[in-house]
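Taken in order, these protein sequences are the chains called A and B.
Using full-length UniProt numbering, you'd call the opening residue of the first sequence number 1 and step up by one each time.
Using full-length UniProt numbering, you'd call the opening residue of the second sequence number 1 and step up by one each time.
Calculated directly from the structure, the hints in this document are not laboratory data.
Be a bit skeptical, because a hint or two may be false.
Below 20 Å or equal to it, Euclidean Cα-Cα: the simulated EDC-like pairs (lysine to aspartate or glutamate) are [what the hints assert, rightly or not]: (1) B:K152 - B:D5; (2) B:K84 - A:E209; (3) B:K150 - B:D173; (4) B:K84 - A:E211; (5) B:K220 - B:E239; (6) B:K220 - B:D263; (7) B:K107 - B:D119; (8) B:K208 - B:E89; (9) B:K150 - B:E110; (10) B:K138 - A:E211; (11) B:K166 - B:D193; (12) B:K138 - A:E209.
Label pairs and their calculated CB-CB ranges [to be verified]: (13) A:T27 - B:F13: 31 to 37 Å; (14) A:M292 - B:G64: 39 to 45 Å; (15) B:H7 - A:A322: 32 to 38 Å.
From chain A, some residues computed to sit far from chain B (all C-beta separations above 10 Å) [claimed, not checked]: (16) S6; (17) F93; (18) N217; (19) W357.
Backbone N, C-alpha and C fix where the C-beta goes; we use that ideal spot for every residue, glycine too.
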Amino acid sequence: MNSLFSFARLGALLIKEFIQMRRDRITFAMMLGVPLMQLVLFGYAINNDPKSLPAALVATSSDPYTRAMVSGLQTTGYYRFDYVAQSAEEAEFLMSRGDVAFVVTIPADFARRVERGDNPQILIEADATDPAVASGAISTLGTVANQALLRARGMQEAAAESAKGQLEVVVHRRYNPEGISQYNIVPGLLGVILQMTMVMMTSIALTRETERGTMENLLAMPSSPLEIMMGKVLPYLVVGAVQVVVVLAAAKLLFAIPFTGSMSLLLTAVLIFVLALVLLGYTISTIARTQMQALQLTFFFFLPSIMLSGFMFPYRGMPDWAQLFGEILPLTHFLRIIRAVMLKGAELPAVATEIGWLVVFVALFAGVALVRFRRTLD
Amino acid sequence: MNAIDVHGLVKRFGDKTVVDHVTMTVAEGEIVGFLGPNGSGKTTTIRIMCGLLTPDEGEGTVLGFDIRTDSLSIKREVGYMTQKFSFYEDLTIGENLEFVARLYRLKPVEDHVARTLEDLGLTTRRNQLAGTLSGGWKQRLALAACIMHKPKLLLLDEPTAGVDPKARREFWDEIHRLASGGLTVLVSTHYMDEAERCHRISYISYGKMLATGTVDEVVKNAGLTTFVLMGPRLDQVAEALQGRPGVDQVAPFGATLHVVGSDRKALQAALADIEKKHKGVTVAPGETSLEDVFIQFMSGSKDNMA
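With these hints in hand, go ahead and build the complete structure from the sequences.
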């Protein structure tokens, strides 16, 4: 019993770790400064639904219908007509230069066709090199154009009349009716920030001892693998807790993200998530021989976590194999939990499976770390 | 009971055998010097003894504990001072000692630390970062940290490398003081004068234990004959002696030339010839030193070089 675990020895390791942490000022500042900077930077910068996109108008006539169409497009907020091109070639040139994201062409016979009821057409060309940019602007088009047209013809009543007895599709954008990107980004950022600092810091924790030669001494003294692991892991739980407070406070104060769910449920999930992360970092630490290798392994893990977890790109948009890959990343499960709890007000039953996954990760990483830990220098 | 009793230790890294059937016994209270060239397996052998490495073959006990199964007990009773300073440079002297005291569960921590600091004469520098200490002080701090838990066996791996002669002298005085209190010490070193301060020495080369015993025994058992040459133009004499049958070593020592060989007759014949050819050169019998013996060992085991 005494040889396997003693609070006195764990205490010795913890005190030592905290002193080293405090003395390493730059790292210490990074642990608190980096999350805040990233939160502010990404929180304000990232927008999945860009508005006011530059567009060029190619229109040869200035009849009321054309004007109504242009103003209709403008009021969606997506189109900003910076250019009025004289010809299709000029518009083409503007788009290929990247000056405009859209070219809206309203043919000269547009008004005539409308009046004749002869299937009028307008052409909207979108720069789809970045599909995400164009999608929002395009999705609203059908309704907007038709309404603009009907308004121009003074046919609101007629339109309402004709809609009678027709199928009506009601869409509710729940939890985030205004489609604010920050609601999605900021809670996700908590996961990403924790993932980055926790895994990185703990992954260099053991390798630093090996590199500085202090590992030999530590192993020659009576400290058990469990004590060494806890001594390395617990201090970072504290750091993680501070980061959580910082990010959640900023989410509330800077971004006014609604917090509809249970705080205690969220904090429980955060605790399990952070535990999984520090143990993962520690596992990396037992594999890598140098701090450099540890950092490389961390990044090897970090990039897929951001790309495939659903933080940056829609999880459901990925092929099955990639979704399967996403499932083995702790961040994927954490993102589902935090978004569900913060935005949807989900209770424990709704997120129990995801929390269960995180617990599995904790057990798995702790097991691997303890097995991998070299009690000897062999 | 012997403090160290190991036999047939073998350790391989890849296809390289670093420790090759090493057998060693150290009695309680003894100071044993562990000698051998760089890369001869000294550090590896010491690491096996304190449970940091598991041997591929061989058995043994340290302080009565089995080196294979009871390394945790060994760790608690042994003080191991690594070759490279391996305490925390970003912790102060006091913090390092507190850390060690807590790990060994010495109570009360403060008393142990204060006493150790006082013994070291470092009480006023308690809050200085260990990384800012000079080599000699680092070594003293490391030793103090190693003996704080009152180990029964001290394993020292080249403790005086890069330390000035005065600090070395003080260090050895301390070792002898500790040994007279019943502590057993195994110390690896390159310095001949340090070997001569040990009760017994063991010489290891390329993983093989080549000689063991007191300094006199080792020198005697080596069976070497040494002559001292004096006279003019000894550099030419040295050149003429190189490679002659019977001549194993030729080394200038100040104004004299030490000539060493294992075949006494052949050596004498060679020297008689030199005396004839070089006018004014005199040959007198000399005393074989430990260093001569080690040089002989090292050249003798060249074929084993990896």
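_To test your reading of the hints: which numbers does this structure violate?_
5, 8, 15, 16 and 18
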